[in-house]
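*Asks:* Protein sequences appear in the order of chains A, B and C. Heads up: the first sequence at position 92 corresponds to 92 in this note's numbering, and the numbers run straight through without jumps. Heads up: the second sequence at position 790 corresponds to 790 in this note's numbering, and the numbers run straight through without jumps. Heads up: the third sequence at position 33 corresponds to 33 in this note's numbering, and the numbers run straight through without jumps.
Honestly, the hints are just simulated from the structure, not real lab data. Nothing here was measured: the structure is a model prediction, and the numbers come from that model. Ideal placement from N, C-alpha and C gives every residue a C-beta, glycine not left out.
If you only want the chain C side, here are some residues facing chain A, beta carbon under 7 Å, derived:
1. HIS8
2. CYS9
3. ASP13
4. SER15
5. GLU16
6. ASN61
7. GLY62
8. CYS63
9. GLY64
10. ALA65
Anything over 10 Å on all C-beta distances counts as not near chain B; from chain A, calculated:
11. TRP31
12. PRO40
13. PRO43
14. THR45
15. ASP50
16. ALA66
17. ARG69
18. LEU78
19. ASP79
20. PHE98
21. ASN126
22. THR144
23. ARG145
24. PRO146
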Amino acid sequence: MVEMGYEATASRAGTQAVFEIRGKQRDVAAWAGARLPPLPAQPNTETREDGLAICHCGPDRWLVRAPIRREAGLTEALDPDAAPVSVSVVPVSDSYAFFNVSGKDADAVMSMVTPLDLHRSVFPENAATFTAVCGVRGFLARRTRPENGYELAVDASLAEMVECWFARILG
Amino acid sequence: MTAAERRLASGGGIDRSRPLRFTFDGRPYRGFEGDTLASALLAEGVDIIGRSFKYHRPRGVIGAGVEDPACLVELAGRAASGNQQAATVRLRDGLAATSVNCWPSPELDAAGIIGAFSRLLPAGFYYKTFMWPGWRYYEPWIRRAAGLAAAPATPAEGRFETRHAHADVLVVGAGPAGLSAALAAAGSGARVVLVDDNRVPGGALLNRRLGIGGAPAEEWAAKAGGELAAMDNVTYLCDATAWGYREHNLVLVVQRNPETPDVIERSWKVRARRVVIATGAHERPLVFANNDRPGAMLASAVQAYVNRYAVLPGTTAVVFTNNDSAYGAAADMAAAGIDVAAIVDSRKDVPGAARALVGGTEILAGQVVTEAHGRRRVRSVSAGDPAGGTMRRIACDLLAHSGGWNPVVHLHCQSRGTLRFDDTIAAFVPKDAAQPAAVAGAAAGLPSLGDALADGAAKGAGAAEAAGFRALSRPLPECRDQPYAVEPLWLAVAPGREDRSFLDILNDVTVDDVRLALREGYRSIEHVKRYTTGGMGFDQGKTGNANIIGTVAHVKGIAVPEAGFTTFRPPYVPVAFGAVAGARTGPVVLPFRHTPVTAWNIEQGAVMYEAGGRWRRPGYFPKPGESFQDSVDRECRSVRQRVGVYDGSPLGKFEIKGRDALRLLDLVYTNDFSDLAPGKGRYGLMLTDDGMILDDGVTFRIDEHRYLMTTSTANAETVNRHLERILQVDRRGWDVRITTLTSEWCNATICGPRARDVMKALATDIDIDRDAFPFMHFRSGSVAGLPARVFRVSFTGEVSFEVNVRRRHFRSLWDRVMDAGRRFGIEPVGSEASHVLRTEKGFLSLGHEADGTVDPHDLGMSWIMSRKKADFIGKRAVEIRRSSGEPRRELVGLLPDDPEQAIPEGAPLTPGGSKRASEGLTTACVRSVVNDRWIALALLENGRERIGGTAHARTRTRIIPARIAAPCFHDPEGRLLRG
Amino acid sequence: MHLIRCPHCGHRDESEFVYGGPFSGARPDDPGAIQDEAWSNYLTVPDNPVGPVVECWWHANGCGAWVTIARDTATHDIREARDDRG
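Sequences and hints are given; from them, build the entire structure.
*Replies:* In structure tokens form, the structure reads like this:
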């Protein structure tokens with residue numbers, strides 16, 4: 001009796017290399033600027049270059065993401081243990097479970113999990129932010145490749161709960 | 001009149017090619033696509049649809065939409081739900097509905113009791129009649145006899161949804177003003193959400209015969225609706241009702257029958273920059289005796305059933321009015337074949353434009369209908385001059401009445417907008433908005449169609465402009481309207497008949513009830529409302545409130561605006577709980593968290609608990625044939641005698657870095673961290689500034705400016721919030737940054753006398769010799785080939801290695817620990833055993849021993865309150881409280897005199913077990929494997945100096961004496977854990 | 001459900017925030033120098049006016065900022081959102 005309601009998929013994605021960097025912009029740029037894409041000037045936007053993305057996700061707070069295969073290289077480049085006292089560089093790849101939401105009805109599905117306005121005029125292609133997702137804190141970015149949709153990440157311990165949410169929404 | 005004669009052969013918005021079958025109270029009926037349950041029942045000649053709330057009077061259809069106060073039904077089957085309004089239930093094939101307030105059935109009521117019963121139920125009956133010996137004796141009976149629908153016994157098939165939407169302009173209502181507003185706003189490019197409770201656009205235009213742009217008005221509406229629906233920047237939600245207007249322009253909407261197949265109802269939370277409220281107006285009834293009798297209907301409803309549903313609700317009608325709009329209704333009734341016997345108009349001067357609509361129909365100007373007659377349905381009415389003279393009986397089976405129109409101001413008022421009384425239309429109309437919103441059209445008190453179109457266009461354009469868009473002016477269509485003028489008439493009742501003249505039909509509130517309330521001193525309109533329950537039903541007084549206010553004013557001899565009005569509250573229509581919850585039910589009603597071995601725990605048959613911080617954790621691991629106690633004892637023995645492993649992953653973990661990191665630790669912990677060397681850890685206690693215990697945990701120093709803090713599982717978020725608040729609000733200049741690592745690192749806590757053997761078997765490059773790696777130190781290295789951080793702390797009192805690895809490695813570490821530990825008899829340990837082990841040691845468990853009244857001294861932890869530090873959070877409050885010298889409850893151990901007697905956790909301790917104020921409580925009680933008996937921890941007044949004495953736990957069934965002991969029952973010197 | 005302006009993120013739904021209580025100034029540097037009664041009042045006797053209050057909210061599900069706002073308890077109007085980025 002239950003038909004598939006939506007043309008959308010929400011699937012668990014693989015682990016990404018993630019680093020949380022905290023510190024004043026000038027300190028962060030001084031330590032890691034040369035190894036990263038330009039730090040985004042606008043809050044809650046991401047600059048992406050060569051598979052590497054850096055998001056200005058909070059006051060003095062930056063999130064670096066890359067494919068997991070680049071984790072070792074990034075660890076070496078960002079050298080968390082050697083970072084100056086004014087900059088925290090912490091590898092947090094294991095802290096996040098990623099999901100991809102795509103398909104014709106991706107926006108409808110997202111409107112059921114987040115109160116955030118995802119209209120392109122306010123959440124454009126380079127947008128990336130922490131917001132409420134499935135009632136918990138989640139990272140959300142617009143995704144254009146391989147297809148239009150969203151990338152979202154929640155605390156890894158909540159992955160099963162988010163899967164459960166999507167299963168309930170997508171029937 | 002047969003059923004076939006009641007349905008017109010042509011016209012209306014129904015689809016005669018799509019007949020539908022349905023049942024009502026078990027009997028089969030037929031209707032058409034486009035019908036509501038109410039229109040189909042009317043067409044089938046069903047007069048009585050329910051019985052009234054208090055007096056069980058027969059009730060039939062009165063309205064044609066949400067304003068109907070009488071016809072409440074329960075739906076069975078797929079979308080089972082109670083308290084649905086028949087006039088808003090869309091007819092579907094196979095619909096099964098039952099009436100709500102019927103005992104034993106709507107047709108055959110237990111009539112004999114009604115008279116006696118009604119005497120028991122005057123205004124305030126809740127507070128008077130049923131006071132002795134107690135409401136609880138009456139409640140079940142009253143609920144059955146007079147209550148609302150029962151909750152469905154089974155869950156609805158299908159599901160509910162909640163969506164968030166964002167709009168530049170939200171327009172509520174797709175009548176002429178709403179459509180006009182939406183067109184104007186949408187033309188500007190603004191994102192528009194249009195919400196309307198009908199399935200087709202048009203609002204009141206669907207019920208009347210007006211013209212716009214040279215065509216029937218409903219055609220204009222259909223075209224406008226189609227145009228809007230096709231626009232990319234417009235979301236048009238039909239069959240959807242805006243039921244709540246919250247702060248900051250958040251409007252709550254419930255959408256019925258959405259297009260998604262298995263979705264029963266969908267909620268929308270629409271956050272709008274601007275809102276245009278175009279909710280139209282509701283006709284108000286006139287107040288005369290038996291105005292609730294089936295066959296007495298709102299004139300606009302009769303008009304709607306005739307025009308929209310092609311149903312004739314009667315054969316011969318009397319129209320009773322105080323205004324012009326009923327003349328349009330009368331004209332449409334006559335055109336459809338209803339014999340309009342007379343129009344009774346309370347006004348002495350009836351405008352010519354109104355008269356012109358009804359041709360030669362007899363008009364009794366300056367007269368009123370005082371009473372409707374007929375037991376089960378109107379058979380005749382009494383009409384005459386209210387000032388006196390003879391009453392005339394007019395035979396009819398339909399009484400269409402109209403007391404004027406009330407703007408639907410519910411949303412405006414929910415948004416905290418104000419009202420004023422407009423004498424021209426004798427109704428409350430919106431005055432000032434309190435949020436970025438505007439009211440348009442009839443809802444704003446503009447009864448004419450031309451005004452509604454113009455006002456809608458202006459408000460829609462204004463809203464778009466205010467939201468930053470440029471609205472293009474659009475020519476307004478010509479329209480053909482009908483006149484509207486009204487003279488208020490609040491009561492048309494003959495003396496002695498006020499006990500059957502209804503103000504609030506849903507809640508059975510009569511004119512008598514309001515008089516009684518006023519007589520008994522309830523002067524404020526809000527008090528009259530509560531005392532009579534008028535306006536407190538699910539319909540929120542849509543038809544009743546204005547007449548209650550008018551009656552109060554009339555009785556008190558004051559002007560209507562002086563009587564005031566009551567607060568409008570959400571929900572505007574009944575909303576299913578499911579629609580409010582949306583997807584957030586069942587397993588996801590609250591968040592839940594897993595570690596990488598949660599699945600393994602479940603495979604092992606662990607009994608899973610919901611623990612602090614939303615984690616699902618194993619409580620214990622029962623083996624076949626074991627009791628709860630057997631399992632817990634076995635797990636405890638493995639730790640005390642051999643080795644156990646505990647999944648400590650949920651422990652809160654934070655990296656703290658910066659020049660002022662140590663300052664932060666010294667501010668938040670009660671003890672001193674300044675001499676902590678890199679590589680070492682220290683147990684610390686955190687207080688809030690009111691001196692109560694916030695958390696405890698071990699913090700390690702990684703290097704000069706870098707620390708790793710651990711917190712209790714349940715308080716990880718709270719501690720994070722506490723620290724961030726200090727850094728961002730109180731000590732903004734400090735250089736400290738915190739990064740959450742709770743889910744980054746998972747930990748297997750290997751504990752017990754053979755723990756070191758297991759570590760060796762796992763293969764590690766860390767020197768785990770007790771001298772090389774002492775208690776309260778940490779090391780980084782490789783364990784089982786995985787990069788690891790190992791902590792030597794202990795929550796069990798045994799040698800422990802907390803092996804932390806990245807989350808991705810944890811399952812593999814866990815498997816290897818179980819493999820390596822097998823020959824040492826390793827067991828997985830759940831939270832029950834952990835609770836026993838820590839209780840044996842007297843280790844603090846927040847939420848058990850620290851309950852928000854307890855300070856560290858009470859717990860025997862005075863040593864942790866630094867005397868060296870000038871300040872730490874909580875220091876002053878503890879000092880001030882202690883300075884009073886009042887006795888404190890102190891942590892002690894309890895040994896029940898009967899070693900096999902448990903004390904329920906939480907049981908109060910009273911002096912000598914007597915029935916006096918408690919002097920403490922039992923915080924934990926477990927069966928100790930090392931002592932082979934029950935042991936307990938308790939907070940007891942002046943407990944420490946009473947050690948050796950006896951305390952008494954007092955439960956409902958017994959008094960349990962216990963010897964007071966020191967709060968540690970195992971290895972008090974702590975030699976084992978340092979081993 | 002409020003709409004609260006975060007200095008980093010702009011207007012966000014209340015469900016992203018955790019209420020942090022009224023704000024009565026940063027915690028004093030030296031509580032030891034404050035009279036007992038004054039300290040007790042500081043901890044336990046917050047104003048509870050009908051009208052504007054200054055209060056803290058934690059953008060817990062968002063960027064993590066602590067936000068200080070002036071909110072009218074009678075109308076929920078948020079009159080001022082202070083930029084705490086310093």
